[in-house]
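Colleague: Given the sequences, and given the hints that come with them, work out the whole structure.
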Amino acid sequence: MDSDLKISAAPATNQADARAVGAASPTEQVVAGLEALIIDAIPTAHDFGFVGVERFAGGLSRENWSLDATWVDATGAQSRRLMLMRDAAGTLLPTDRKREFAVLKALEAASVPAPKAHWLDHDGRRLGTPSLVMDRMPGTCDYLVLNGDRALETRLNLAREFIDLMARIHAVDWRERGLGAVLGVPTGAPSLVELAHWEAEYRRVRLEPHPELDYVLAWMRLGAPEAEAIVLVHGDFKPGNALIDGDHISAKLDWETAHLGDPLEDLGWVTNPVRKREHQIPGAWEREQIVAAYRALTGRQVDEAALRWWNVFSIWKLAVIQLTAVSEFVAGRYNRVFQTPSWLYRPMFQLMEHGA
Amino acid sequence: MDSDLKISAAPATNQADARAVGAASPTEQVVAGLEALIIDAIPTAHDFGFVGVERFAGGLSRENWSLDATWVDATGAQSRRLMLMRDAAGTLLPTDRKREFAVLKALEAASVPAPKAHWLDHDGRRLGTPSLVMDRMPGTCDYLVLNGDRALETRLNLAREFIDLMARIHAVDWRERGLGAVLGVPTGAPSLVELAHWEAEYRRVRLEPHPELDYVLAWMRLGAPEAEAIVLVHGDFKPGNALIDGDHISAKLDWETAHLGDPLEDLGWVTNPVRKREHQIPGAWEREQIVAAYRALTGRQVDEAALRWWNVFSIWKLAVIQLTAVSEFVAGRYNRVFQTPSWLYRPMFQLMEHGA
Amino acid sequence: MRPTVEEQLLGTCTILEKVVSPCVADPYARTILEGLVANLRMLTGALPAVAGFLLDDNQATAGLLVQLQAAASPELAASIALALARPEPDAADRAALDQRNHELRELLSQALGGGALTPAMRAAALAHMTARAARAPMRYVSTTSPSAKAT
Amino acid sequence: MRPTVEEQLLGTCTILEKVVSPCVADPYARTILEGLVANLRMLTGALPAVAGFLLDDNQATAGLLVQLQAAASPELAASIALALARPEPDAADRAALDQRNHELRELLSQALGGGALTPAMRAAALAHMTARAARAPMRYVSTTSPSAKAT
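Residue numbers (my numbering), protein chains in the order written: chain A, 1 to 356; chain B, 1 to 356; chain C, 1 to 151; chain D, 1 to 151.
Calculated from the structure, these hints are not laboratory results. Don't take every hint at face value.
[Stated by the list, open to error] Facing chain A, from chain D, some residues (calculated, C-beta under 7 Å):
hint	residue
1	R30
2	I32
3	G35
4	L47
5	H102
6	R105
7	E106
8	L108
9	L112
10	L126
11	A136
12	Y140
[As the list claims (entries may be wrong)] Computed far set for chain A versus chain D, every beta-carbon distance over 12 Å:
hint	residue
13	V51
14	R175
15	R221
16	Q280
In this text, a Cβ means the ideal position worked out from N, Cα and C, and glycines have one as well.
Modeller: So, in structure tokens, the structure goes:
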């Protein structure tokens, strides 16, 4: 659902897209911007060549471009397979390329498969909107890969790889890599920090009373758990933003929501019942197996009540994201019609009752 | 209003149009079809050339094409400035190109300015849909010409030309020109013949009760007038289907609704109050002037009550045409949303009351 | 409920105009799109009035039918009596209001299309029909430009 | 009234799909158009239920508020009493029903977001909210294909 929500709301960009059908202007803009960005970083670079410049299908919140670049600089002839992510002019969830760039840089020395980040145009001076250039890794995205065409055993292996990947992210030594200063270290329980953040977003975007969400909010305030540890949290952990190469994960993408927090935030996100289709394999890889695997990999306790709190939180957050979409649509800044997320209420109530 | 209604309802043709944006297929179809049509008529024709093939803007019920054709035949080199009218695949008011062709042929010897008709593809065998090819006359269409930018005196002259044109049409010796057999001679009062025709259409298309139209219908049945004469009636007489060249009428177009009937049918159409903007010039050329001019030109009496009956009839007929549009829209065969013609009721009631 | 029905319809119009329409090159398709958007805007404005209009019109039509009963044939008079004896539908149920309207107007059609009405009846009928036409919430919106009309 | 509101909306969807969409080459604009049409279809189906839903929900919410009054602060209890004393709006007036719904739900938000509820109150509130969510007439319609989602 949140994938749906990452979509441009900006008419200006759309019209640029429209023109692109006839002319090649966005392509030219990307090529010229990238060249300028490289020269910013490597002033001796010259004799540029860009081939296979192509915008990916999909990716509505930002433009994803694929291209191969060659140039000559002081150290000789260079060649890179690149991926360029350019923000659409105004996205629903304002991402922060600078933050993402810092995380990717920090991950380079860690055992987390992620693309090597090269250059950042943090204010869009070169590319028109904030942009990030990284290595193009092999593989494709498939948000339903765990319930796709592969054999059950292959899918189970992938499911285990996903949890292993989560554990590796949570094991990143963020202090050593200087991520505390970039991302901010939560003061107090991360659950309360996240809740305050998303409650503010809720207050900002709501257009009418939602007693259901206020009821859940009151429940969440009373039961916010302490964290077993403060770790690097991905913040949108799902198969849909991983690259699969062959039958294995080649890279984790989309780090703009990364922050420091409770490891159960990511685990609560992937075990929340409204995302079963993406994260679970019926009868083979369900909540119990996911949690057991995570415990085995990390040695953490994973308190059941705390995890359920994070499950409720993740659904509540999804509801707020949908209300953001409603509010942006009503304000004329978003080109899709969203509705009150009534379908998310019952799963929250059930989790809360189960935990009572 | 009825101009709006002459619009294609056929998805097939629209898709052809859509393809035309990329390829040139409708143009090729027209050129190939026209060549075949000419060869049908002039088997010795060869060495064809077609230049300036262009589809007019506007004209939604049928495609209007403009082109210049050259060829060589047994009598030598030929050159024609042509206009080709091709039915859109399924129009709201099914027109009859055959009928129009016959009327145009009959008019050639009369003092009515109308394009010379050349060839007819009555079943669309050559052009895809029924088509008619005629000379391209100089001039342009402007349905609001009487209230346009020209000086008042020029517009008044045009207004007089229109009534003169109507009188010429009504003076056509249809018996001599054999139009009785083609168009059918009304048996009984033309008012009752037309009323029966449009009442049948009303019964066919109505989706719900319209007490207003039934009330007017009952009134019309009681007061249907006798005709002073049986004449060639244009059936959709308006500035919008005349060509204006400079400040004069160069041709009357759109003869597919022509029939034999009461001269007051055309006069009632142009003096009906809901069409004032098209047919009258406020303060200078109103109902009184139009009727006086027509009387002077034709020597006919023009009974006031009879004319009012035809005024009411013409509005009622417009209402039925709108109901046809509603019905076609609801059936999924028409690409515009029409509504119940409530705005036409009051003018009818006022005319009826005035006459009571 | 947000977005309200009207917000959804108007938002749809805006996006059709700003995002979709500039990408429609074919003039026919664009003309059709313009007509659809214009009607959707009209509909959005009319929508809040529809149920109230039907409710009032049912009441007014019923009142007029009572008046016309005297001039109606025995069969029609009986049908009118039967229809008027039926309970009025739920005001929140637009479809039921519409069905009731259809039923009453069918009877009015018969009463006005056939009978010999008294001057008072005719005056009442004309007043009713004129007022109704003035209040009808839906209107055709013309979007055809003069030049496009010119054939 | 023909075309009915629903006929107009569905007809609009059909024409957008058959006439306009094939002429939209730009993939972004086409994706947006597909989303608009899907929502318009959902809206068309939902529309006849909206007024009835609001009418029923206002009644149910008022009933729940009576029950929750005992746990409310004196100020909130007074606000509830005041709101419940007001007459219900005209059922044919959807906007008024919506406004009333907003007013009652604002009070419910306060009652549920703050107070110490008894188990019976919590059970009643949960039953109410669960039933309401199941009956809500408007639904988001996803039209994004899996491949388009993959970023």
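Colleague: So, for every hint listed, does it hold in this structure?
Modeller: Taking the hints in turn, this is what the structure says about them:
1. R30: For R30 of chain D, the interface hint is violated, since the closest Cβ of chain A sits about 11 Å away, which is over 7 Å.
2. I32: holds, 5 Å
3. G35: holds, 5 Å
4. L47: violated, 13 Å
5. H102: Check passed: Cβ of H102 of chain D comes within 6 Å of chain A, closer than 7 Å.
6. R105: holds, 4 Å
7. E106: This interface hint holds because 4 Å falls under the 7 Å limit.
8. L108: At 4 Å from the nearest chain A Cβ, L108 of chain D passes the 7 Å test, so the hint holds.
9. L112: holds, 4 Å
10. L126: Holds, about 6 Å.
11. A136: For A136 of chain D, the interface hint holds, since the closest Cβ of chain A sits about 4 Å away, which is under 7 Å.
12. Y140: holds, 4 Å
13. V51: Given that every Cβ of chain D is farther than 12 Å from that of V51 of chain A, nearest at about 22 Å, it holds.
14. R175: Non-interface label stands for R175 of chain A: nearest chain D Cβ at 31 Å, farther than 12 Å.
15. R221: violated, 9 Å
16. Q280: Holds: least Cβ distance 17 Å, greater than 12 Å.
Hint violations for this structure: numbers 1, 4, 15, all remaining hints satisfied.
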